[in-house]
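S.K.: Chains A and B are the protein sequences, given in the same order. 1 is the number of the first residue of the first sequence in the numbering used here; add one for each residue after it. 1 is the number of the first residue of the second sequence in the numbering used here; add one for each residue after it.
A couple of the hints might just be wrong.
Claimed, not checked - In silico DSBU-like links for lysine-lysine, alpha-carbon gap of 35 Å or less: (1) B:K85 with A:K83; (2) A:K40 with B:K85; (3) A:K92 with B:K221; (4) B:K136 with A:K83; (5) B:K8 with B:K314; (6) B:K374 with B:K389; (7) A:K83 with B:K24; (8) B:K121 with B:K261; (9) B:K314 with B:K121.
In short, the hints are calculated from the structure, not lab data. These numbers were taken from a predicted model, which means no experiment stands behind them.
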Amino acid sequence: MKITEELIDHIAHLARLEFKGEDKVSIQKDMERMIEFVDKLSEIDTENVEPLIFMSEEVNRLREDEPKVTVTHEEALRNAPKKDSDYFRIPKVLDK
Amino acid sequence: MEASIRDKYEVVIGLEVHAQMLTKTKAYSNDVNEYGSAPNSNISVVTLGHPGTLPVMNKKTIEFAIKLGLACDAHIAPAQHFARKNYFYPDLPKGYQITQDTTPICTGGSIVIRTDDGTEKSIGLTRIHMEEDAGKSIHDVDVYDTLVDLNRAGTPLLEIVSEPDMRSSMEAYHYLTEVRKLVRYLDICDGNMEEGSLRCDANVSVRLVGVSEFGTKVEVKNMNSIRNVQRAIEFEILRQIEVLEAGGTLSQETRAFDALKGITISMRSKEAANDYRYFPEPDLPPITITKEQIETVAQEMPALPRALFQRYTKEYGLSEYDAYNITDNKGIALYYESILAHTKNYKSAANWLMGDIKSYLNEYGIEMDKFPLKPLVIAELIHLVEEGKVSSSVASQNIFPALFSTQESPLQVAERLNLIQNSDEDALKGFILKVFELNPDEVARYRGGEKQLTGFFMGQLMKVSQGKADPKLANGLLRQLLDA
Chain A
1 MKITEELIDH IAHLARLEFK GEDKVSIQKD MERMIEFVDK LSEIDTENVE
51 PLIFMSEEVN RLREDEPKVT VTHEEALRNA PKKDSDYFRI PKVLDK
Chain B
1 MEASIRDKYE VVIGLEVHAQ MLTKTKAYSN DVNEYGSAPN SNISVVTLGH
51 PGTLPVMNKK TIEFAIKLGL ACDAHIAPAQ HFARKNYFYP DLPKGYQITQ
101 DTTPICTGGS IVIRTDDGTE KSIGLTRIHM EEDAGKSIHD VDVYDTLVDL
151 NRAGTPLLEI VSEPDMRSSM EAYHYLTEVR KLVRYLDICD GNMEEGSLRC
201 DANVSVRLVG VSEFGTKVEV KNMNSIRNVQ RAIEFEILRQ IEVLEAGGTL
251 SQETRAFDAL KGITISMRSK EAANDYRYFP EPDLPPITIT KEQIETVAQE
301 MPALPRALFQ RYTKEYGLSE YDAYNITDNK GIALYYESIL AHTKNYKSAA
351 NWLMGDIKSY LNEYGIEMDK FPLKPLVIAE LIHLVEEGKV SSSVASQNIF
401 PALFSTQESP LQVAERLNLI QNSDEDALKG FILKVFELNP DEVARYRGGE
451 KQLTGFFMGQ LMKVSQGKAD PKLANGLLRQ LLDA
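Using the sequences and the hints, build the whole thing.
M.R.: Here it is as C-alpha cells:
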C-alpha cells in the first residue's frame, strides 16, 4: 500500500497532529514500513473465516443500575491544566 | 410560494431522534445520570476518560431498548456488540463515542401516526441503537475559554432512526409527537425537548413529483421543540425548492435552525467529510438477548397509547377526539383507567376528564399527577348523577368545586349543601303548584295555547326547588298538571 502525502495529511488531521518538511518525509517512511509489515497478514487466505472481534468467550458482563459516587468534583478537576471552581477550561473551540 | 410551484415537488423527510434514558446511572459507568446537577459533579474515571479505565454496561439500558423495540414491533437482535466512533472534541474525553454500528439492538418496525385528516400512516424505522451522550461545551460565557461540563457525558441514549417515509413537515410533527408519547408511556425517557432529553435531527430533501431518485439531502439540527422541528423543516422545504426553481443546485450540508428568525443557517459542509473510523469496541463484551428475556420484558409492558385509543373508540364508544385527547397524555390516560376501575360509565368519565378536570388543571397550571381528587371520587360523582340524586349541572357547578376543600365524599357534600334532587312526586307537585300560584298569567296563557311556556315553568320550578327537582320527572308532572 502506497502512503501518499495526502493520506499522511488526512491521518495527521484526524489525530490533530502536524507534520512538516523532513518530519513528514520521515513519518511517511515509517508508516510505509509499518503497513508493509502488517500487510504480511493479508497473504493468509481468510475466506470463510469469521472475523475474531473478542479474545474471550465472555458475554453479558452487565452491572445493576445503582449509582455510586467514586470521584468527587474536586478530584475530577484536580489534574486539569486549566479550570475554575466549576468547569474544565479549554481554548475556545467555536467562534461566536 | 405559489402552490402550483410547490406542488411540483415531493418532500422526503427522515428523522433521527436521540432519547436520553431515565436510568439512575450512566451507560457504561455507575455515576449518577441526572439533569441539572452542579457542573462536573456526576462523573467517574470512565466518564472522564482516564487511561486504563474500563466501561461496564448498564443492564437497564438494554431492557429499555427492548421495551422500545417491542413497542415499535421491531426485530430485536439476539447478538450484538458495540463500536467506537472516533472523533476529537473536548466534551468527549475518551476521544470516541461507544455506540452500535453494524449490530443495532433493534431493526425494522414502525411508528403509526395520525395525520391531519385522521387517517393512520405507518412510518418505518431503520434501526434503534444504544449509545452514549457527550458532555456539554459552553462557548458563550467566557471570552477566551470554552467551559466543559461532563455531567452529561456517558448518559445512555437510544438513537431512533426512521426511514425517509415522511412527506410533509406536519407528518414529521406527528411522528415526533408519537415518539415522545411512546417513550413517556414506557417510562424510558422524559421526552423533554427543551432540556434536551429528547433531540431530533431532520434529513430533508425534495424531488420533482414522479422522480424516483432522492434529491440532495440536508440535515437540520438545533430544534428544541416539536413545533420548531416542524417550522425548521417547512422553511427548509421552501428554501430547497427556491434554489432549484432558480436553477441552482443544493449541497449536502448540515444546517442549524434559528428559532428567532425562523430560518436555517449552514453549519458546515460535508466537504471535509467526517471520518469516524468505526471499529468494534474491545472493552465491552458482546451482548446476547434470549427469547425468554424479551418475553419477560413484554409481560411488563404498559398499555400503549394506540392500543388504548382503539379500545376507547371501539369498545367504550368514545369519539376519536376524546380518545385522542385522553391517550395523548399518559397521566390522563392512567387517571381515566383508574376512574373506570370504579364505574363503567365510560362516556361520563371521559366528559369529566375532558371538561371540569382539564379546566382545573389548566387553571392551576398543573399536570394530572398533581390533581388532588382521587379517581374514586370522580366515579362517586358519576354515580350520584346516574342515580338521579343530583343533576349533572349541580354535580359540576356545586359539588365538584366543593370537593377540593373537604375530605367528604360527593354524597356527603351533596347532603351537607342540601343538593339532593327531589324525585318525590308529592314534593314535586307541591313545588309545581307553588309555581302556578306565583305565575297565574303564564298558566292562563299556556292553557290558551302558548305551549312554548313549558321552558319558563321549568326554570321557575328549578328556582323554587333550588335546583333539586329531578328534571325528567318534573317535566312529565308539569305537563300533566298544566294540561289537566
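S.K.: Which of the numbered hints above does this structure break?
M.R.: Hint 5 contradicted; others consistent.
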